[in-house]
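> Residue numbers (this note's numbering), protein chains in the order written: chain A, 1 to 399; chain B, 1 to 188; chain C, 1 to 180.
FYI, nobody ran anything at the bench for these hints, they're computed from the structure. Glycine residues also receive a C-beta, built at the ideal position from the N, C-alpha and C atoms. Among the clues, some could well be false.
Pairs of lysine-lysine, DSBU-like flavour, derived with a Cα cap of 35 angstroms [stated by the list, open to error]: (1) A/Lys322 / C/Lys144; (2) A/Lys238 / B/Lys65; (3) A/Lys121 / C/Lys144; (4) A/Lys105 / B/Lys65.
A partial selection of chain B residues facing chain A, derived with a Cβ cut-off under 7 angstroms [stated by the list, open to error]: (5) Ser156; (6) Arg158; (7) Val175; (8) Leu183; (9) Leu186.
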Amino acid sequence: MSVGGESLRQRYAPALVAAAAAVFLVHAFAAAGDAPRTEAPQQLAETPTTARLAPTDARRLFVLDTAFPAAEAARTYVLDGTSGKIEGMFNQAYWPNFAVSPDGKELYAVDTYFEKHTRGKRSDYIVVRDAQTLEVKVDIPLPAGRLLIVSKKYNFDVTPDGHYGLTFNLAPSTAVTVTDLRARHAVGEIDIAGCGLIFAQAPNRFSSLCADGSIDTVTFDASAHASIARAEHIFDAKDDPAFEHSAWDKHHQMLYLITYRGSVVPVSLAGDRAVAGTAWSLASTAERAAGWRPGGWQISHFHHASRRLYVLMHQGGPWTHKTSGREVWVYDAPSGRRLERIKLREPAQSVAVSQDADPLVYVIDDSDRIDAYRSATGERLYSTAPIGFSPQLLTVWGE
Amino acid sequence: MDPIVGPFDRLIESLSRTVARRTSRRGFLQRGSAWLVAASAMPLLPAARPVHAADPPAGGKPARKYASAFANRAQTTDPTQCNYWRYCSSDGYLCACCGGGPSTCPPGTTPSPTSWVGSCINPDDGKTYLIAYRDCCGQDSCGRCSCLGQEGDMPSYRPQVNNDIVWCFGSSSMVYHCSSAGLVGLVD
Amino acid sequence: MGTMASLRAGACATLGACLCVAASVAQSDPPPTNVPDAITRQSGLRLEPMSRPARIYALNCQGCHGHLGVSVPEIPALAGRIGYFVRIPEGRRYIVQVPNVALNPSSDEDIAEMLNWALVTYSRAQLPPGFRPYTAEEIGRLRKERIDVNARRRQIVDRLLALKQVPSAKVLAIAPAARY
């Protein structure tokens, strides 16, 4: 419409322009934060967060990958053992060791670093992590170093009360470093000449296997002063040695030594000196004749509550102690009676069993997968995709 | 100590033809060869009780029938294969595939002054030789030609006969690169 | 005739090759290796069998102590040193009782033979006059005793010094355990 020759737009244009300009300016100021206006600030569609593990439970599975083809790339994977899903992982360094604190709140990684990756100044630590965040809480130096060897589970053990971490060294004499995990520092070294491995049986005591088939039991104090009691003639170290990954029932202070030829020597570590019980055989005479014997890497594990022993078995001749097992044989350890034979989908080198009432048997198979079987039925629950470079050791809480 | 008896020999012979042993923890670059497990005697180390082949047929090589399953499948010509006779207890990567050889470390690495000493039967003359399993050290794992010899390997509480230890004490660094197998001497 | 000679004969099919063989025979080649092995065929290595005690030493000690009885500083040298120990009774006992000897699966006979050989091979000049070799019976008796290795060794070194049976403490010093 027009009024006196001008359109409404023409008459009000300047005002409109001014108003628009004012609005624009207000927007500009509001965007610059000068004036509170109605326009809300830009929101992210999703805010980045970091996952946090649920508190450690019996079904958490830790898989130590020594990364043999590129060993500086070692790491531990954290899996939900019920599903096989990876929940996290953390780097470890150079033929590492690993354990969970008895209360499940801390993870202990034993690592060796070189200042310049593969050379230069060497440093060894027990690295303490929070079990839910996987964040490093502290690096505890190991001043004397530690033995570098394709990772053996029992070159590191934690006393049942969680107070001390015990690491094995050979440089060149054999010794155990005692680390106060609560005070976060190493307290000293104990010579265990001629012996190796560590089974931490009490708050101030551990046992080691010796080159002549005896067992040394070491009682130590807070300054790592030690007295040693030796038990002779426990096993035949010359012709039928005990596997390094024999079965350790820490809860009952029983060490079930498993020998290359398939004997089990039950050893009580309840006192200040080891006491062996009567040996029994994993296989019947006919089965032995057919070549059934233990073999692999982590060849055995133990379920404390039911006192059951789990062993990887294969058919082979002499010098097949590292040959993967086709079956896991399960025993009532106190009686030596075999309860079941779990046939594996694929041969496996390492075995562990969850410490809950419906145990899962986990194996690392020759394709580097984790296969999980229900102990009660032998039924396979899942197989993961291949994990890492060379997964070798399995750890569950409460073992 | 139960001897392994006749039916087992047949069973294992058939198993050995069909079962390919894979050293999976190092084997993703090379599948391990099929290890025979045919054995009929006590697992004494070759050097503890030297094993002689049967009298050789006239004009030919000795019959290959040793107590050592490894020796029965071994050869003396190609050190890049896991069944090269010196590797009967070699656990790791072959230096021969990494720029070195059974007695030679690849450039950039150092032979360790320390090692463990094992023994292997030479399949061509049936004699037992001592072998120094000396690691070459100073670079991270070679990653090629992974082999797993087990003969005479004992647990690490007997370190003098263990092949899992990183035998780099005294070398340029404690980092393992590959395994060599040097001749130490002749037993018989 | 070894494999090598028969190979040469086989290669000698042509006159040229036979001339080549004749020429090489004239140069009197060193004898070929007596070890059937690709590497030794090139190096021409010839081996005589090791003595029994040398073999025992090689399988049980040589890896760390070295074929010449000396290795890295942190590993006690045998060469030029172990002979001092048998100059006094407690030292004579000690080298049997060190755990890597005492706990070794070798028989008493084997250890006696090996120790006697090692003493003469690596440390003859340090042996006392009229050194009496070890017997298997002595080894069997001695190796049953467990000792505190470090403390015992210190006592023995002190005694050897006091008796002037060793030139100086430095001769028997061991470098502290290393972290390589």
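> All the hints need checking, so say for each whether the structure fits it.
Hint check:
1. Of the supplied pair hints, the one linking A/Lys322 and C/Lys144 holds, its CA atoms being roughly 33 angstroms apart against a limit of 35 angstroms.
2. Proximity of A/Lys238 to B/Lys65 is assessed by CA-CA distance (about 25 angstroms); at most 35 angstroms being required, the pair is judged to hold.
3. Between A/Lys121 and C/Lys144, the direct Cα distance comes to roughly 41 angstroms. Violation of the 35 angstroms bound is thereby established for this hinted pair.
4. Taking the CA atoms of A/Lys105 and B/Lys65, the gap is near 57 angstroms; set against the 35 angstroms cutoff, the hint is violated.
5. Against a cut-off of 7 angstroms between C-beta atoms, the interface hint on B/Ser156 holds, since the closest Cβ of chain A lies about 5 angstroms away.
6. Contact between B/Arg158 and chain A, as hinted, is supported at the beta carbon level, the nearest pair being about 5 angstroms apart and thus within 7 angstroms.
7. A hinted interface residue such as B/Val175 counts as satisfied when its beta carbon comes closer than 7 angstroms to some beta carbon of chain A; here the least separation is about 4 angstroms, so the hint holds.
8. Interface restraint check for B/Leu183: the shortest CB-CB distance to chain A comes to about 21 angstroms, outside 7 angstroms, so the restraint is violated.
9. Annotation: interface hint on B/Leu186 violated; nearest CB of chain A at approximately 22 angstroms, more than 7 angstroms.
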